[in-house]
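One letter stands for each residue in the lines below.
2 protein chains.
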Amino acid sequence: MNKKQNILIIGAGLCGSLLALRLGQRGYNVTVMEMRPDLRTTDISAGRSINLAFSNRGIKAMKLVGLEEKVKPLCIPMNGRMLHDIEGNTVLAPYSGRENEYINSISRGQLNALLLDEAEKHENVKIYFNRKCKSVDFEKTTALFKDYNSNKEFIEDADAIFATDGAGSAMRQSYYLGKKFLFSFSQDYLTHGYKELSILPSENGDYKTYKNALHIWGREAFMLIALPNLDGSFTVTLFLNFNEGEYNFNNLTTKERVIEFFEKYFKDALELMPNLVDDFFENPTSPLGTVKCSPWHYKGNTLLMGDAAHAIVPFYGQGMNASFEDVTEFDKVLDEKHKDWETVFKQYEESRKKDTDAIADLAIDNFHEMKGHVNHANFREKRSLEMAFEKTFPYEYSSKYSLVTFNENIGYREAMLRGRAQDKAILNMLADGDISDVNNLTNEALKNTLEKVKAATEAILEDDKIAGLK
Amino acid sequence: MNKKQNILIIGAGLCGSLLALRLGQRGYNVTVMEMRPDLRTTDISAGRSINLAFSNRGIKAMKLVGLEEKVKPLCIPMNGRMLHDIEGNTVLAPYSGRENEYINSISRGQLNALLLDEAEKHENVKIYFNRKCKSVDFEKTTALFKDYNSNKEFIEDADAIFATDGAGSAMRQSYYLGKKFLFSFSQDYLTHGYKELSILPSENGDYKTYKNALHIWGREAFMLIALPNLDGSFTVTLFLNFNEGEYNFNNLTTKERVIEFFEKYFKDALELMPNLVDDFFENPTSPLGTVKCSPWHYKGNTLLMGDAAHAIVPFYGQGMNASFEDVTEFDKVLDEKHKDWETVFKQYEESRKKDTDAIADLAIDNFHEMKGHVNHANFREKRSLEMAFEKTFPYEYSSKYSLVTFNENIGYREAMLRGRAQDKAILNMLADGDISDVNNLTNEALKNTLEKVKAATEAILEDDKIAGLK
Numbered sequence: 001m002n003k004k005q006n007i008l009i010i011g012a013g014l015c016g017s018l019l020a021l022r023l024g025q026r027g028y029n030v031t032v033m034e035m036r037p038d039l040r041t042t043d044i045s046a047g048r049s050i051n052l053a054f055s056n057r058g059i060k061a062m063k064l065v066g067l068e069e070k071v072k073p074l075c076i077p078m079n080g081r082m083l084h085d086i087e088g089n090t091v092l093a094p095y096s097g098r099e100n101e102y103i104n105s106i107s108r109g110q111l112n113a114l115l116l117d118e119a120e121k122h123e124n125v126k127i128y129f130n131r132k133c134k135s136v137d138f139e140k141t142t143a144l145f146k147d148y149n150s151n152k153e154f155i156e157d158a159d160a161i162f163a164t165d166g167a168g169s170a171m172r173q174s175y176y177l178g179k180k181f182l183f184s185f186s187q188d189y190l191t192h193g194y195k196e197l198s199i200l201p202s203e204n205g206d207y208k209t210y211k212n213a214l215h216i217w218g219r220e221a222f223m224l225i226a227l228p229n230l231d232g233s234f235t236v237t238l239f240l241n242f243n244e245g246e247y248n249f250n251n252l253t254t255k256e257r258v259i260e261f262f263e264k265y266f267k268d269a270l271e272l273m274p275n276l277v278d279d280f281f282e283n284p285t286s287p288l289g290t291v292k293c294s295p296w297h298y299k300g301n302t303l304l305m306g307d308a309a310h311a312i313v314p315f316y317g318q319g320m321n322a323s324f325e326d327v328t329e330f331d332k333v334l335d336e337k338h339k340d341w342e343t344v345f346k347q348y349e350e351s352r353k354k355d356t357d358a359i360a361d362l363a364i365d366n367f368h369e370m371k372g373h374v375n376h377a378n379f380r381e382k383r384s385l386e387m388a389f390e391k392t393f394p395y396e397y398s399s400k401y402s403l404v405t406f407n408e409n410i411g412y413r414e415a416m417l418r419g420r421a422q423d424k425a426i427l428n429m430l431a432d433g434d435i436s437d438v439n440n441l442t443n444e445a446l447k448n449t450l451e452k453v454k455a456a457t458e459a460i461l462e463d464d465k466i467a468g469l470k
Numbered sequence: 001m002n003k004k005q006n007i008l009i010i011g012a013g014l015c016g017s018l019l020a021l022r023l024g025q026r027g028y029n030v031t032v033m034e035m036r037p038d039l040r041t042t043d044i045s046a047g048r049s050i051n052l053a054f055s056n057r058g059i060k061a062m063k064l065v066g067l068e069e070k071v072k073p074l075c076i077p078m079n080g081r082m083l084h085d086i087e088g089n090t091v092l093a094p095y096s097g098r099e100n101e102y103i104n105s106i107s108r109g110q111l112n113a114l115l116l117d118e119a120e121k122h123e124n125v126k127i128y129f130n131r132k133c134k135s136v137d138f139e140k141t142t143a144l145f146k147d148y149n150s151n152k153e154f155i156e157d158a159d160a161i162f163a164t165d166g167a168g169s170a171m172r173q174s175y176y177l178g179k180k181f182l183f184s185f186s187q188d189y190l191t192h193g194y195k196e197l198s199i200l201p202s203e204n205g206d207y208k209t210y211k212n213a214l215h216i217w218g219r220e221a222f223m224l225i226a227l228p229n230l231d232g233s234f235t236v237t238l239f240l241n242f243n244e245g246e247y248n249f250n251n252l253t254t255k256e257r258v259i260e261f262f263e264k265y266f267k268d269a270l271e272l273m274p275n276l277v278d279d280f281f282e283n284p285t286s287p288l289g290t291v292k293c294s295p296w297h298y299k300g301n302t303l304l305m306g307d308a309a310h311a312i313v314p315f316y317g318q319g320m321n322a323s324f325e326d327v328t329e330f331d332k333v334l335d336e337k338h339k340d341w342e343t344v345f346k347q348y349e350e351s352r353k354k355d356t357d358a359i360a361d362l363a364i365d366n367f368h369e370m371k372g373h374v375n376h377a378n379f380r381e382k383r384s385l386e387m388a389f390e391k392t393f394p395y396e397y398s399s400k401y402s403l404v405t406f407n408e409n410i411g412y413r414e415a416m417l418r419g420r421a422q423d424k425a426i427l428n429m430l431a432d433g434d435i436s437d438v439n440n441l442t443n444e445a446l447k448n449t450l451e452k453v454k455a456a457t458e459a460i461l462e463d464d465k466i467a468g469l470k
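If you read the sequences in order, they're chains A and B. First residue of the first sequence? That's 1 in full-length UniProt numbering, and the numbers climb one at a time after it. First residue of the second sequence? That's 1 in full-length UniProt numbering, and the numbers climb one at a time after it.
Just so you know, these hints were derived from the structure itself, not from any lab. Note that this is a predicted model, so its numbers are computed, not measured. Even for Gly, the Cβ is constructed at its ideal location relative to N, Cα and C. Please note: incorrect hints may appear among the correct ones.
[Unchecked claim] Derived pair list, reagent style SDA-like, types lysine to any residue, alpha-carbon separation capped at 20 Å:
#, chain 1, residue 1, chain 2, residue 2
1, A, K211, A, L74
2, B, K346, A, N241
3, B, K292, A, Q173
4, B, K267, B, K179
5, A, K299, B, T191
6, B, K465, A, G433
7, B, K179, A, Q173
8, A, K180, B, T191
[Said to hold, decoys possible] Computed footprint of chain B on chain A, listed as stretches where at least three residues anywhere in the stretch have a Cβ under 8 Å from a Cβ of chain B:
#, segment
9, 182-194
10, 420-427
Sequences are here, hints too, so could you generate the full structure?
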């Protein structure tokens with residue numbers, strides 16, 4: 001294909017700006033239209049989470065565009081989950097038994113700014129802000145925008161349009177409302193919403209609680225989490241039911257009730273948050289939804305990527321990583337030198353969709369794990385055993401969490417199938433008493449247990465495969 | 001609640017007319033608006049399947065409204081699947097080992113006419129035709145209609161609105177586009193579409209092939225089926241990919257290619273269908289989709305029922321049965337005498353949705369079973385064994401098919417979980433050689449095998465339950 005083709009990218013968020021950079025590097029003429037003002041010159045954090053979990057799949061994409069070193073200073077390693085119980089006791093549950101495996105907290109704004117800066121270094125990449133996409137004519141390969149500066153509408157023409165305009169994608173809505181082809185689509189909301197709060201730095205600028213962890217106050221029906229920022233603060237997120245339960249977003253309407261709720265369930269967090277009430281009533285409550293759809297592309301004209309194609313709930317810390325991996329995977333298809341965009345888009349969706357469907361489902365599983373299971377004895381025993389496996393036999397075992405998070409060369413779907421089978425094997429062996437005293441196993445006993453887990457995992461995968469023929 | 005309340009039902013198809021009848025019997029003032037002309041006086045079969053599978057869950061609803069005897073003469077029993085292989089050999093695979101368990105072929109039009117006649121016998125039920133719903137204002141509990149007779153629009157007010165307007169429900173679209181509450185919604189299309197064809201009666205009015213079966217020509221990538229009608233004809237349906245494979249709906253564009261396709265794959269059917277080419281090019285090709293959504297109701301104002309709430313693909317023969325069961329289940333909630341519609345609607349959705357989600361998934365499973373697995377050796381062995389269990393130990397075993405189809409007092413979800421576990425148990429026992437020679441087991445060996453299957457099923461359910469805690 002002719003490199004001088006004109007590419008239009010709708011949305012300059014994380015996925016759109018990375019895509020612009022990569023397509024710019026590959027020599028395409030790239031125009032990016034973003035509805036918000038330039039985040040490098042305006043504070044527009046409201047409504048989107050301030051920091052994010054950044055891990056191997058995201059880092060792989062940074063390597064692709066040569067930004068690995070520039071992104072490092074933005075990262076705060078988080079080695080595990082710091083679990084806070086209702087009495088305020090804490091325990092650090094590592095993410096992996098291997099020392100080099102950890103996730104990072106990163107500022108959405110700083111990372112996005114870096115990607116925009118790098119993309120704009122290419123003279124064949126032009127980024128325009130305050131241009132909101134209203135709809136896409138996917139048959140004509142044109143998009144209608146409103147320019148917020150002039151308040152005028154205009155139509156932009158391109159050889160191919162990429163929509164990276166997020167979970168509420170205008171192009172996806174055009175697919176849905178257009179009814180020109182069979183468009184499978186789902187939006188699924190959780191019963192819970194979220195609200196961002198904060199733990200500010202101490203007076204001398206220090207972190208008020210342990211820096212290198214993702215803090216979790218899991219309370220079964222709801223939970224609070226906190227991720228560190230470079231300035232010594234933590235961004236805290238409350239996940240809570242909208243309508244149900246004794247305390248919910250609908251009935252937390254007074255200062256007194258908010259404090260009562262936090263005193264009862266998050267006493268140690270409350271002590272770090274004198275600013276709680278202000279945050280609570282100033283910040284919006286937002287829904288948590290999963291979006292899946294297919295096809296992502298219309299012929300060779302248009303393609304959905306990132307959240308526009310597959311928005312997920314945040315509980316696996318994989319939203320941004322999955323969107324970045326979209327760009328890595330798309331780039332791989334470009335390397336195959338297909339004859340036209342239609343073949344490229346088709347190939348990309350065929351290899352990619354099974355994996356984004358899987359991470360969507362895994363993210364919902366992890367909601368239940370984080371708010372409840374992390375506190376259950378059998379779950380903790382499973383994790384202890386897995387940490388021992390990973391530490392003692394680092395080349396022989398990876399937990400589901402490790403497969404998803406630290407194994408960027410294994411697809412999400414494979415990670416899900418193997419990871420779930422391992423979990424099932426271990427939980428059932430624990431329930432049946434086939435493994436006990438997991439914290440006091442000799443290396444030989446540990447090795448034997450590992451072999452038993454591996455055999456049981458293979459048997460589960462095989463049984464499922466046979467039953468798939470139903 | 002006051003019985004004299006005004007109920008508006010949108011749609012007088014199978015679900016809407018049954019609901020009107022039942023609410024009429026219960027004393028409500030019922031107004032029904034249907035967009036089509038009266039099917040009792042106009043032929044409007046186009047676009048919807050002509051005959052349907054009718055079984056225990058549907059019959060239970062007929063009992064509820066006192067129509068069991070009146071519906072019987074409309075039914076043609078189908079005792080099993082008549083499998084046609086590519087050489088034209090046939091084998092009858094029964095639906096159950098118990099003689100009294102069979103499904104029925106019934107005319108959609110005749111059944112709908114019966115329900116309309118019975119509903120209209122109640123002077124508190126009024127049915128209007130040629131009134132198309134355009135949208136519903138679920139906050140005001142009003143609906144906007146277009147009267148096709150006068151070409152004028154009008155607004156209808158009610159105390160509660162029930163939308164039974166099918167898979168393309170206008171009220172569901174109002175929920176989606178209204179964005180007044182978090183509406184989870186999915187539409188999923190299969191890669192396959194369908195087209196209706198026919199086998200006409202012989203010159204003397206007889207059935208040209210065996211009457212009391214559902215005929216299947218399963219060819220892995222596509223399939224043909226046929227259900228009998230009272231007039232000696234069969235309604236035939238071709239399920240075929242839209243775009244892929246050597247033969248698909250997009251490339252079957254000439255008379256010659258259609259005949260070539262049928263000669264190659266459905267030779268014995270083609271011999272019965274001299275009218276094939278005319279049917280093929282006269283009848284539309286339609287998509288196959290699954291719709292799920294939630295919530296079904298908005299406060300106590302509006303409720304989606306039937307296909308409007310949960311459209312499914314036709315492969316389990318449960319679409320109409322599930323919609324009729326909606327009415328049975330809704331009636332049960334009415335018996336609980338809740339204080340207001342909101343409680344009734346909430347209660348109904350809470351108990352019902354898990355089951356309609358399950359039948360949607362089961363129907364997709366059965367697509368793969370019908371077009372392919374019915375021809376596989378291990379699947380056939382499983383079915384032989386299950387038939388032997390049901391015949392020899394009729395009170396001790398029900399296959400997944402029997403649980404779904406003939407056990408109207410077990411919910412679809414329970415039927416799915418138990419049925420899938422049984423299938424998995426048997427298929428794995430067959431694969432492992434734990435059962436062999438299934439057609440020559442002594443009663444004692446059969447009993448032993450049944451006990452093993454039961455134990456393996458329980459173990460599978462238990463293992464899954466433990467792993468659910470992941």
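Results for each hint:
Taking the CA atoms of A:K211 and A:L74, the gap is about 14 Å. The hint holds against a cut of 20 Å. Among the hinted pairs, B:K346 with A:N241 is consistent with the structure: their alpha-carbon atoms are about 17 Å apart, no more than 20 Å. Proposed proximity of B:K292 and A:Q173 is supported: the alpha carbons are some 18 Å apart, at most 20 Å. Between B:K267 and B:K179 the CA atoms are separated by roughly 52 Å; this puts the pair beyond 20 Å, and the hint is violated.
For the hint linking A:K299 to B:T191, the alpha-carbon distance of about 16 Å falls within 20 Å, and the restraint holds. Restraint check: the Cα-Cα separation between B:K465 and A:G433 comes to about 16 Å, which is no more than 20 Å; the hinted pair holds. With a C-alpha separation of about 13 Å, the suggested pairing of B:K179 with A:Q173 holds against the 20 Å cut-off. Distance check on the hinted pair: A:K180 and B:T191 sit about 15 Å apart at the alpha-carbon level, within 20 Å; holds.
Evaluation of the coverage hint for the segment 182-194 of chain A: fulfilled, as 8 residues show C-beta separations to chain B shorter than 8 Å, against a requirement of three. Coverage of a stretch by a chain is defined here by at least three residues with a beta carbon nearer than 8 Å to that chain's beta carbons; for the segment 420-427 of chain A and chain B the count is 4, and the condition holds.
The structure does not agree with numbered hint 4 stated previously, though it agrees with all others.
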